[in-house]
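Based on the sequences and whatever the hints tell you, model everything.
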Amino acid sequence: MRAEPILKVEGLKKYFPLEKGFLRRVVGQVKAVDDVSLRIGAGETLGLVGESGSGKTTVGRCILRALEPTAGSIQFQIDDDLTVDMARIDRRELRALRRYANMIFQDPFYSLDPRWTILDIVGEPLKLAKLAAGAELEERVAHLMEVVGLEAKHLRRYPHAFSGGQRQRIGVARALATNPRLIIADEPVSALDVSTQAQILNLLSDLQSEFGLAYLFIAHDLSVVEHISDRVAVMYVGKLVEIAPKDQLFFFPKHPYTEALLSAVPTPNPDVERKRIILPGEIANPADPPAGCYFHPRCQYAQARCREEEPLLREINPGQWASCHFAEELELVGAPR
Amino acid sequence: MESPEKVNAQLPDLATAGVDDDAIEYLSRGKLIRRRFWRHRLARLGLPVLLALYMMAIFADFIAPYPAHTRLKGFKDAPPSVIHFGLDGNPFRPYVYARKRSFHPETFREIYTEQEDEKFPIHFFVRGERYEILGLFKLDLHLFGVDEGANITLFGTDSVSRDLFSRTVIAARVSLFVGLGGVAISFVLGCLIGGVSGYLGGIVDEVIQRIIDLLIAIPTLPLWMVLSAAIPREWPVEHTFFAITIVLSIVGWTGLARVVRGKLLSLRDLDFVVASKLCGGSDLYIITRHLLPNFASHLIVTLTLAIPGMILGETALSFIGIGMLEPGVSWGVLLQDTMNFGALVHQPWKLIPGVFIIVTILMFNFVGDGLRDAADPYSL
Chain A
737 MRAEPILKVE
747 GLKKYFPLEK
757 GFLRRVVGQV
767 KAVDDVSLRI
777 GAGETLGLVG
787 ESGSGKTTVG
797 RCILRALEPT
807 AGSIQFQIDD
817 DLTVDMARID
827 RRELRALRRY
837 ANMIFQDPFY
847 SLDPRWTILD
857 IVGEPLKLAK
867 LAAGAELEER
877 VAHLMEVVGL
887 EAKHLRRYPH
897 AFSGGQRQRI
907 GVARALATNP
917 RLIIADEPVS
927 ALDVSTQAQI
937 LNLLSDLQSE
947 FGLAYLFIAH
957 DLSVVEHISD
967 RVAVMYVGKL
977 VEIAPKDQLF
987 FFPKHPYTEA
997 LLSAVPTPNP
1007 DVERKRIILP
1017 GEIANPADPP
1027 AGCYFHPRCQ
1037 YAQARCREEE
1047 PLLREINPGQ
1057 WASCHFAEEL
1067 ELVGAPR
Chain B
121 MESPEKVNAQ
131 LPDLATAGVD
141 DDAIEYLSRG
151 KLIRRRFWRH
161 RLARLGLPVL
171 LALYMMAIFA
181 DFIAPYPAHT
191 RLKGFKDAPP
201 SVIHFGLDGN
211 PFRPYVYARK
221 RSFHPETFRE
231 IYTEQEDEKF
241 PIHFFVRGER
251 YEILGLFKLD
261 LHLFGVDEGA
271 NITLFGTDSV
281 SRDLFSRTVI
291 AARVSLFVGL
301 GGVAISFVLG
311 CLIGGVSGYL
321 GGIVDEVIQR
331 IIDLLIAIPT
341 LPLWMVLSAA
351 IPREWPVEHT
361 FFAITIVLSI
371 VGWTGLARVV
381 RGKLLSLRDL
391 DFVVASKLCG
401 GSDLYIITRH
411 LLPNFASHLI
421 VTLTLAIPGM
431 ILGETALSFI
441 GIGMLEPGVS
451 WGVLLQDTMN
461 FGALVHQPWK
471 LIPGVFIIVT
481 ILMFNFVGDG
491 LRDAADPYSL
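So the sequences go chain by chain: A and B. Residue numbers for the first sequence, in my numbering: 737 to 1073. Residue numbers for the second sequence, in my numbering: 121 to 500.
Just so you know, these hints were derived from the structure itself, not from any lab. Glycine included, every Cβ here is placed at the ideal spot set by N, Cα and C. Any given hint could turn out to be false.
[Claimed, not checked] Ranges of calculated distance between the beta carbons of each label pair, as one might list FRET restraints:
1. A:E1018 - B:R330: 33 to 39 angstroms
2. B:P339 - A:I1014: 16 to 22 angstroms
3. A:K889 - B:R330: 52 to 58 angstroms
4. A:K866 - B:E358: 31 to 37 angstroms
5. B:H359 - A:I825: 53 to 59 angstroms
6. A:L830 - B:V308: 32 to 38 angstroms
7. A:F947 - B:Y174: 55 to 61 angstroms
8. B:T408 - A:F752: 24 to 30 angstroms
9. B:R330 - A:R1050: 47 to 53 angstroms
[To be verified] Think about it this way: if two alpha-carbon atoms lie no more than 20 angstroms apart in a straight line, the pair counts; the simulated SDA-like pairs of lysine to any residue are:
10. B:K151 - A:P850
11. A:K756 - B:I328
12. A:K767 - A:I810
13. A:K756 - B:I406
14. A:K863 - B:T408
15. A:K756 - B:G321
16. A:K866 - A:P850
17. B:K196 - B:T458
18. A:K863 - B:L404
19. A:K756 - B:I323
20. B:K151 - A:T853
21. A:K863 - B:P413
22. B:K220 - B:A270
23. A:K866 - B:D403
24. A:K756 - B:V324
25. B:K151 - A:L891
26. B:K151 - A:L855
27. A:K756 - B:G322
28. A:K863 - B:D403
29. A:K756 - B:A270
30. B:K151 - A:H896
31. A:K756 - B:D325
32. A:K744 - A:R1050
33. A:K863 - A:A832
34. A:K866 - B:G321
35. A:K767 - A:G779
36. A:K863 - B:I406
37. A:K866 - B:S402
38. B:K151 - A:K863
39. A:K866 - B:L404
40. A:K866 - B:G322
Now the structure itself:
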């Protein structure tokens, strides 16, 4: 990991207004993402995990401006000497920068236009960035197909002719087409079965070392993230609760929520006795979060202070940040070694 | 076009013969759609029948032996002519007998008897009344006819002695094209209003949707009646015709607007649209390249299925006397003659225009079904 991050997100917020009635009166805000800051170095993978509803997908979409962020800055280094703020740049200029970052989607069935051939789908970013056309486009798409492990002769097929795993490879090929520096992978394997998951994960890490890609890898379970990440960030109700290098986070978690997630990671060794932490209740409602620490209603270590005072994200160990009042005191159980 | 059985029969051969499978893959989407459509047996029946009906409507004056308003003196409520074959030694030469009218001694109903000694051959491509085709050519050629002294009434005559076959053929013009015209207007209104509603969202969407709710809640028939009542009776037939299409489409666009809005909303947030945006696609690019192709097929199907509704609407209006009126001719107008029970019992041929309506509606539905099957992108 290099010192200078290629992506530096500061204080990212995305609020969705809650509207009511015929006149769409705004009656509240859903704070889907509330003050998230993170960095990704060149060629690095940052895993972003959390339950569904924690706002991780929204973070990914805001970074690439698929959604308009409410506040915050997104410094994206598109070149060695050019850094832009993705949050402020206007839409026309933004279109010219699309080739430097792209996204892999969760659902391989909805992320490919059913009326387009594979050639059109994978070639779309190249065409829109005016990087290739005609025979050259076809050649490059054919090459991309081989890079992601598909046969180039199927270029004129439609997505329906492919399996879920193959479709996801097509999605990867599209994301790779313009040689981006950053790829946001939004749960790229959650919709696939386990054997296919491993294939796609291996493909992604091969591509990373080959092309020096940086990933923001969004997932809802830690076992997938463990495989591919350098660092891991954990989100809960729109906020980061812990961010740390992978091993640090896995073996020495500093936030009770991370501990609970870790206890759900399956272990290959059947002799290891483990205590599953079953979190009571549901994830808090981001439109009406609890006072104090958002996690306190479900936290087994919660004390009076947690109900009143909101903890700040602070550096507990070098590189390891957590937002828990008792991060130093608690003896939390990490993943079994 | 190859028949589907033939295509199916060939597929295993191709596979076993080791032919490169690229040959099968590389069928374009248009070809695939056509093939799928053709595989739908009822649609395969519907399309030619509809084409024939529309050709009949366009060349109505040529096909009809008599103009719509010519009265065949003394042939009130005459049954269909019987066509006999075999004249002058040619066994296929068709002819009709001259008919003589008498009255039933008790009911005074007309009785027509064939005069077996007066044979009149049916001539093809005969000269008759002048007419215009498509407002371009003046012609006096008719498909068939008989000489002076007899007449040929394939579907019988109506209560004022006019040839029902000629009238049915000529009425097809109004009845078939009112559907197209109405749907065309609905299409523009529906796409525009539905598109605005779905694209802008917010209060605009809310207001438009409530207006549509309101329009749908009004019973169609009274609404049509109110609007038709506003059409001045002294207008020429063509103006009335145009007014009727507008009346029909004022109610008809709501369904289409809902479809367009719904499709737009559901497609707008799909991942492949987001993906295209992330690749740098502009709004216009996304609408024309991703959204439209994905619901164009849906629109075509909706339109095909909307035409029968328009045709039925015109028929209903004309039948109850507030749509087309005499001297206009539409299938609904022709059916007015069947309003009294006596006609149904003693002159059943007057229902023939109804058969045309039923066939047209059925064929449109078949074709719509076929199109729906063919256009579904997920099973292509």
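If you draw a straight line from the CA of K863 of chain A to the CA of I406 of chain B, is it 20 angstroms or shorter? holds, 14 angstroms
Keeping to a limit of 20 angstroms between CA atoms, is the pair of K767 of chain A and I810 of chain A held or broken? holds, 18 angstroms
Taking 20 angstroms as the top limit, are the C-alpha atoms of K151 of chain B and T853 of chain A close enough? holds, 14 angstroms
When you check the alpha-carbon spacing of K863 of chain A and P413 of chain B, does it fall within 20 angstroms? Holds, at about 19 angstroms.
Regarding K866 of chain A and E358 of chain B, is the given constraint of 31 to 37 angstroms on their beta-carbon distance met? violated, 53 angstroms
Do the beta carbons of T408 of chain B and F752 of chain A sit within 24 to 30 angstroms of each other? holds, 29 angstroms
Hint consistency between K863 of chain A and L404 of chain B [alpha-carbon to alpha-carbon, up to 20 angstroms]: Holds, at about 16 angstroms.
Distance restraint evaluation - F947 of chain A, Y174 of chain B, Cβ atoms, bounds 55 to 61 angstroms: For Y174 of chain B against F947 of chain A, whose Cβ atoms are near 59 angstroms apart, the range 55 to 61 angstroms holds.
Regarding the pair K756 of chain A and I406 of chain B, is the alpha-carbon distance no greater than 20 angstroms? violated, 30 angstroms
Between P339 of chain B and I1014 of chain A, does the C-beta distance stay in 16 to 22 angstroms? violated, 58 angstroms
Straight-line alpha-carbon gap K866 of chain A to L404 of chain B, limit 20 angstroms: holds, 17 angstroms
Is the Cα-Cα distance between K744 of chain A and R1050 of chain A 20 angstroms or less? holds, 17 angstroms
Comparing the model with each earlier hint shows violations of hints 2, 4, 13, 16, 29, 34, 35, 38 and 40; every other hint is respected.
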